[in-house]
Amino acid sequence: MKYKAFRKCLAIPFWLFLILFVIFPILFIIFYAFTDVNGNFTFDAFTSFFTSPVKLNVLLISILIGLFNTFLCLLIGFPLAYILANPKFNKNYVLVMLFVMPMWINFVLRTGALRDLLSIILNACGTTTGEHPLLCTMIGMVLNYLPFTILPLYSTMLKLDKNQIEAAQDLGCNPVKTFTKSIIPQAMPGIVSASMMVFMPTISSYVISDTLSEGKIMLFGNSIYLSFSNSDWNGGSFMSLIMLIIIFLVMLFTRKFQGEKDADRGNGSW
Amino acid sequence: MEKNLTDSSTYIIELKNVTKIYDDVTVIDKMNLNIKKGEFVTLLGPSGCGKSTTLRMIAGFETPTSGDILLNQKDITSMPPYQRPVNTVFQHYALFPNLNVYDNVAFGLRNKKIPVVKLDKEGKQILQIDKARVKDLKKQINRIKKDKLLSEEDKEQRLTILNEKLDKALSTPVPAYKYKHLSETEIDEKVVKALSIVDLDELEERDINTLSGGQQQRVAIARAIICEPQILLLDEPLGALDLKMRKDMQLELKEMHKRLGITFIYVTHDQEEALTMSDSIVVMNDGVIQQIGTPEEIYNEPKNAFVADFIGSSNIYNATVIAKKKVRFLNHIFDCVDDFEVNERVEVVVRPEDIRLSNEARPDYVQGKMVSKVFKGIHYQYVIMIGHDEVLAQSIKDYPVDQPIYIGIEPDGIHLMHKSDNTNIYTDSYIGKDHCVYIDDKPFSCDLSKLIPNSQVDEDGIVTFDKKQYDFKDADVVATIAPESFLISDDTSDAEVIGEVISSVYKGDHYIILVRSKEDEDFFVATPYTFNPGDIVGLKVDKDKIGLRLKGSIEDYEI
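Going down the list, the sequences are from chains G and F.
Plus 354 on top of the position in the first sequence (first one is 1) and you've got this note's numbering.
Plus 18 on top of the position in the second sequence (first one is 1) and you've got this note's numbering.
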């Protein structure tokens, strides 16, 4: 009996952590989202968000840029991960390290360096970064989130069942069909977790778009940041709540795809 | 000549001079194999003998380094797997886990396209240049050009023929075809039929992961036979099943082969499986075909010691033909049926069931000592020592252990084989605790990684291959040592074996010396120096030079 009680005590730090850093902040967000400056209950933040076309527009653009970024990262990351997972090209994991290493450098520094690099290149072409805000933002986004795509994809690619690929060929699949009918279904858990890793941080990111588009592209993260820096705690909290709900919905949606037994596949590398 | 022509048209698949080299290792060496239409052929051999590679080349997953593969007399060597009318049942089934049973089985049909003659508006056939044929011929030309093992003369000759064919294909239009997918109703009909062939009627909607091993196996077979392949390739398909399931499936596969009437090519290392199912067996070792024959021929008339030892338990001895139809082994002269040259060194195979046992001395019986007895159900298996030779025997009668026993062998139970070369083959060796191979109960340090091709061995004697580890302690192996691998000297102080020189034969530039150890084991040694009969010599072998082959299944030693 004593032993059992002791074991229960071991969970205390975890619960403390959970309450202090997860549950309390969420309660705070909900509290601020539905109160005014004086702490009275109100739907002001709710109505002002859903009636403001500017704010809704920012949300829509953020989701679109998030989807576009996810698509680009998968497009580039998938073949790269496939090549990296082939031991012929990737002896001693050096190449994987090369792709993952940028993640160890603070991304604000990376983004600053990229801005300078892009402006040098674009100036040489006779234009400036300010004139191509979307292009610069997308380059920054892809470069920043590519490692997050490659790693989960890489770890699923390592586990690709060669027999299944050969079975597909044996049953009449040409190389294109083999890819769509055998490799993609096998890599699906990796694709799903890679998409999660890219899509949600992109929506809420603000440093990259802020730095690279010279403030011309506003993402949802930017507008949350702006609200708080303008002391609009209630509006900011409400938008954070929207963000949380989106994350929750995306997680519900992807769990359907991933299935329980695959949960350890793509996420295993994290 | 005419007979030859009719013969070759009955072959569904022909391998001609096929060689496969991986990273400078020759896996298949100039293999020639013809398989008749409708036959059940088994490729049998120990792991790493090249049987799976052969199958993969027929399936199209590997391209031979040199040589041709013909299907119905058509060169398919450079044809990719998805175009070949051949389907495979994989070792670990390789089912698609994202599809259910029905979709797995229908997979091949959904990719299949049926040619339909292309007609113009007036209903006449459209004539076009056959682009697929041109592409195929160009591939073949490319392959021949790249082949490094082909002689220049052959290359030239074959290239001219192919170029002629190419010119012809480019200039003569043929009726054009368009390709059409099967309709879902046609697919459904065939899936239902295939599932009923493998007795899985009720499981169409089931998830693959909820099926038992035997059921998955059946799905894999249904998936392969539904495309109506001309050849069904089976790569150790029963390896993952338990013994009873395996026995049932063996009979079922045999039955299925009869019903479907297509050619089966089956790969296994299990000799019993091969004997049970096959119309003919191809025994392979080290990438070379050792013998092709019916199960009876392979069992009763093995061509060499390897085949004899690999197929069934058998007693193999070095022997000498001392007179017409008389052969000497086990320190006794036996009558035999095979007529070999007098004084030829031969190998003798005696199956355990051909050894007669008796409690009392009889003419032509040899005295030995019964060492062990094992009850095997319908018979006892005995081990009898005669001098230093072990004799494996079977009998339904019960004989006491540790008593003298007399054995006799009927002339037709003795099968003589030409000695392929002077390579020393020791079929009753084993791996000791110290990771040495014990030949004739004497330890020789050896390289255990030779038991599995391309594996590594660490200092504890653990062999690693394909992320699996194997401990071969107490494993029964066959050791081979080439005569020139021995170091022979008068100095016996650090020798691994000490023996007496029995004979010495001059072979032009070296001597072949027969050294007999105190334990009566014979060693053939090649040396440039002369030794005289009666000399006491010491033998040593470099550990890299001892060839090893595992008896039994590799899975038993996995850790």
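Watch out, some of these pointers could steer you wrong.
[Said to hold, decoys possible] Pulled a few chain F residues facing chain G out of the computed Cβ check, cut under 7 Å: (1) Lys92; (2) Ser96; (3) Tyr100; (4) Ala112; (5) Asn116; (6) Asn118; (7) Tyr120; (8) Asn129; (9) Ser463.
Derived from the structure by calculation, the hints contain no laboratory data.
None of the values given here were measured: they were computed from a predicted structure.
Yeah, the Cβ is synthetic: ideal placement off N, Cα and C, and Gly gets one too.
Hints and how they fare:
1. Below 7 Å, beta-carbon pairs count as interface contacts, and Lys92 of chain F has none with chain G, the closest being about 18 Å; its hint is therefore violated.
2. Interface hint status for Ser96 of chain F: violated, as the beta-carbon distance to the closest one in chain G is roughly 15 Å, over 7 Å.
3. The interface hint given for Tyr100 of chain F is met, as the beta carbon of that residue sits about 5 Å from the closest beta carbon of chain G, less than 7 Å.
4. For Ala112 of chain F, the interface hint holds, the least distance from its beta-carbon to any beta-carbon of chain G being 4 Å, beneath 7 Å.
5. Annotation: Asn116 of chain F was flagged as interfacial toward chain G, and the flag holds, the nearest CB pair being 4 Å apart, inside 7 Å.
6. Of the supplied interface hints, the one on Asn118 of chain F is violated, with its beta-carbon coming no nearer than about 13 Å to a beta-carbon of chain G, more than 7 Å.
7. Nearest Cβ of chain G to the Cβ of Tyr120 of chain F: about 15 Å, over the 7 Å cut. The hint is violated.
8. Here the hint on Asn129 of chain F is kept, as its CB sits about 4 Å from the closest CB of chain G, short of 7 Å.
9. Here the hint on Ser463 of chain F is broken, as its CB sits about 32 Å from the closest CB of chain G, past 7 Å.
This entry does not satisfy hints 1, 2, 6, 7, 9, going by the numbered hints stated previously.
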